[in-house]
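Asks: This is what each chain is made of:
Number of protein chains: 2
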Amino acid sequence: MRAIFGNVLVGQSGGPTAAINATLSGVIRGVFAAEKKGLVGDIYGMRNGIEGCLAENLINLSERFHKGSSQNTEAMLHRLESTPGAALGSCRMRLPDPETDDSVYARLLEIFRKYRIRFFFYIGGNDSMDTVDKVNRYFLKQEYEVRVVGVPKTIDNDLLGTDHTPGYGSAAKYVATTVREMMCDTAVYTVRSVTIAEIMGRDAGWLAASAACAGENGAPAPDLICLPERTFDTEQFLEQIRRAWETHPNVMAVICEGIRFADGGYVGAGFQSGTTDVFGHRYLAGAGKYLEHICRERLGCKVRSVELNLPQRCAGHLASACDLKESAAVGRAAVVAAMHGQSGVMAGIERISSSPYHIKFKTVPVSQVGGGVRTVPDEFIREDNFGMTPAFLDYVKPLIVGEARPFYRDGLPEYFYF
Amino acid sequence: MRAIFGNVLVGQSGGPTAAINATLSGVIRGVFAAEKKGLVGDIYGMRNGIEGCLAENLINLSERFHKGSSQNTEAMLHRLESTPGAALGSCRMRLPDPETDDSVYARLLEIFRKYRIRFFFYIGGNDSMDTVDKVNRYFLKQEYEVRVVGVPKTIDNDLLGTDHTPGYGSAAKYVATTVREMMCDTAVYTVRSVTIAEIMGRDAGWLAASAACAGENGAPAPDLICLPERTFDTEQFLEQIRRAWETHPNVMAVICEGIRFADGGYVGAGFQSGTTDVFGHRYLAGAGKYLEHICRERLGCKVRSVELNLPQRCAGHLASACDLKESAAVGRAAVVAAMHGQSGVMAGIERISSSPYHIKFKTVPVSQVGGGVRTVPDEFIREDNFGMTPAFLDYVKPLIVGEARPFYRDGLPEYFYF
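Read top to bottom, the protein sequences are chains F and R.
Start counting the first sequence at 1; every next residue gets the next number (the working numbering).
Start counting the second sequence at 419; every next residue gets the next number (the working numbering).
Check the hints yourself; a few may be wrong.
[What the hints assert, rightly or not] Per label pair, the in silico range of CB-to-CB distance: (1) F:Tyr417 to R:Tyr826: 26 to 34 Å; (2) F:Arg296 to R:Ala687: 47 to 55 Å; (3) F:Arg202 to R:Glu768: 27 to 35 Å; (4) R:Glu801 to F:Arg351: 55 to 63 Å; (5) F:Lys37 to R:Asn490: 54 to 62 Å; (6) R:Asn490 to F:Ala269: 25 to 33 Å.
These are computed hints drawn from the structure, not numbers from a lab.
Here a beta-carbon is modelled for each residue, glycine too, at the ideal position from N, C-alpha and C.
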C-alpha cells in the first residue's frame, strides 16, 4: 500500500434514517483519530450529497466540530448521533456512466484537487453504492488518486454484502413497538375489527417482518404479516382474518407496502400516483387503503388502516442503542479501511453469532453490492406465508436491543442542526 | 356526610389514551388506601365499560392486584400505569335518559346490590361524563345509595371543568416530538416540498396546537398550524406555504382533522365515509389527503400527507411523566372525593401557576361538563390564524415535561394485560 495524504470528503445520500447521522459521526470520529496520527488533514462535508458536492457546497467539519473544548466536540458529536434525518442533507441524483459521459466526474476531479480530497466516504443505500462504484471507477483511471468507500444505511435492510444494514434496527424497533402499542389500543372494544398497519419496503419485507417482535414475551402477536417475498392472495388474506376472529375480535394485519398479486401488480396499484423517482422506482402508496376497502366490503367489519409513514425512519427518540452503536462503528471501520488502502469497497457487518450476539466489520467490493436486493430468505418466513419463524426472531431481536435516548429539554428530544 | 360502606366499581370508556391506565391505577391505589382505613371493601373492574357492567362482566381487582407480595402489587400497578390503551376494555354505549327509560338502570341496581357496590368511578371523556350524570341522577331517586364520580381523560383536551385533561400531555408530547423528527427528515432535500401532518381533533384544535412546541429551543418551527377554531381558507393556506418557501424549501403544515370551510363543511368532506358513531359524531378522515391533492395541483410541488393516526393516542413509550403522574393523582383525588360524600361530580385539575408549574385537584358538578366542548381560546391563537401565541406555549409546555419510560425487555416496552 502506498501512503497518500490529503483531506476527507463525506456525504449522505438517499432516504434518511434514524441512524445515518450516527454513521456520519463515526466517520468524523474515525477521521479525527487518523488526524491525530498524522494520516489525514481536514474533513469536509458535502451538503445534499453528490449534488451539493458538484455545486461546491462544502462545509469544513473539522472546523465546525473542533470549535471550543474537546468536551464541546464530544457533546456536538453525541447530539449528532441521536439526530434523525441526514444532517448534511441528501439527494437522489443518479450519476452517468463514467465510461460514456465523464463531465460530472471532471467537475468532481476539479473540486477534489481544489480541496485536496484524497478520501471520499458516501453513506447511503443501493443507489448511493452505485455512485461509489462509478466515482471509484473514474478515479482508477486518473492520475489523481482518491480512495472511495461506501458506508451502508437503509431501513429496508436489503443491501447485499452485509448481515444487516445500519438504520434497520432502529426502524424495526419503532415498527415492533408501535404495532405492540396499537394492539393495546385496538383491543379495547368487543366488536370485530381489523387494523391494517402498512410498513415501508419495496421488494424486501424485512421491516414489516420486524413487527413479529411485538408478540414476544407474552404480548399478543400480530395476526398476519404479509411480505413482498410471497404472492399476495386476497382470499387467503381474508381467510386468515376469519380464522383469527375465532379466538379474538380485534385483528392486527401487518403488510409491507410492496406486496403484489400473482400477476405482478402491486396491491392497491389503482391508488398509486404512477410517478417514478429518478432511479425509475415507482412511488408506492395505497396497499393499506385498498385492503381497508376490501375488508369493509367483504367482511363487513370495522376496519382502519394505519400507514406508519415517515416516523418509522425518523423516530430518533426510539432508536435502537445497538443500531446507533453499530452505525457509528461501521463509519469508523470505513475510515480505517481507506487508511489501509482500500477503495471501491463498502464497509459491512458480518455476524459471528446471534446468541450471544457478536459481529465484526468487513469490506466488500462495492461492484457486488449496487443494484442487487437482499430479500427475506425462505427459512425466515412461516410455512403458511403469514408470519415469521423463530429463526427470523433470532436474527432480528439483537438488532433492536437497547434504548438510545437523546437528551431531552422541555419535554422534547434535542437534535443537531448544521 | 353520612358514611356508607361497600365495594367499588371502576370502568374505562371512550377512546383509549396513553394515560387512562395510569388513572385506573390511581383509582386502585386510592381504594387500597381507603381500604386500609376500613372505609371500603373490594374494588371491581368492569370489562368494556358500562356495556360489560350490564353483562355482569366484572373482575375483582383487589384479588388480582393483591396476589403475592406488596412488591408484586407495586410492580403490577407500575406496569399498568405505563400501558397504553384501556386495560379493562372500553365501549361506546349511550345510555337512555333515566327519566324516560330506566330499564338499564334497574339492571345496574341489581348488579350493584349483588356486588354491594357503593362507589362508582367512570374514567372517560365527554360521552362518559354523560353516563356518569345519568347514573347519578338515577341513583339519587333510589333508596340504594351510590356515589358516582367521573374521572376525565381525553387526548382532545376539550372537556369543560378542568384546566387540561389527563392523556392530553402524552399525546401532545408525541405530536410535538414526531413533528420535530419529521422536520429533520423532510429537511434533507433541496427541492420545494410540503409535508402535511394530520392530527386528531374534532371541534377543538388543542392537539394540533401542541405541534408548536416542536419549534422551541432553537429547532425549526412548523410553518403552519390550522385549527378548527378558525375557518379554513384554501387561498390563505397556499399563500402561507408560498411565503414560507421564501426562506426554506421544505414546508411543514400541521392541520387538525376537524378543520372546516366557511360554509361549515369539513375540509376533504368528499373523502369521508359518511358513517357516524352511536353518539352521532361523523367519522373524520381525509383533510390531509385532500390538501395533499390541492397542493400538488396548485403548487406543483412534492407533497406528502402523514396521518399521525392511532400512535398519537397510544404511544406509551413516549408518555409525558407529568401527564402520567397527574392522571394517577386525579384518579386518587376522585376516590377521596367519593369518600368525602361527593357524587355526581367529575374530578378535575385547577392550575395555580404555569411558571413554576403548580396545580391542585378539584371537583365540578358533572352536569356542567357533559356535552360542552372547550375550544382553544383566542388568546392562544396567533393573529394570522396559522400559529400559536407565547401564552399557549406557557400553557402547554409544563404538560409534556418528563419521560415516563416503561420497562424494556428485549428492546421493547413491556405492558400490562388482564
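Asks: Looking back at the hints listed earlier, which ones does the structure fail to meet?
Replies: Those not satisfied are hints 2, 3, 6.
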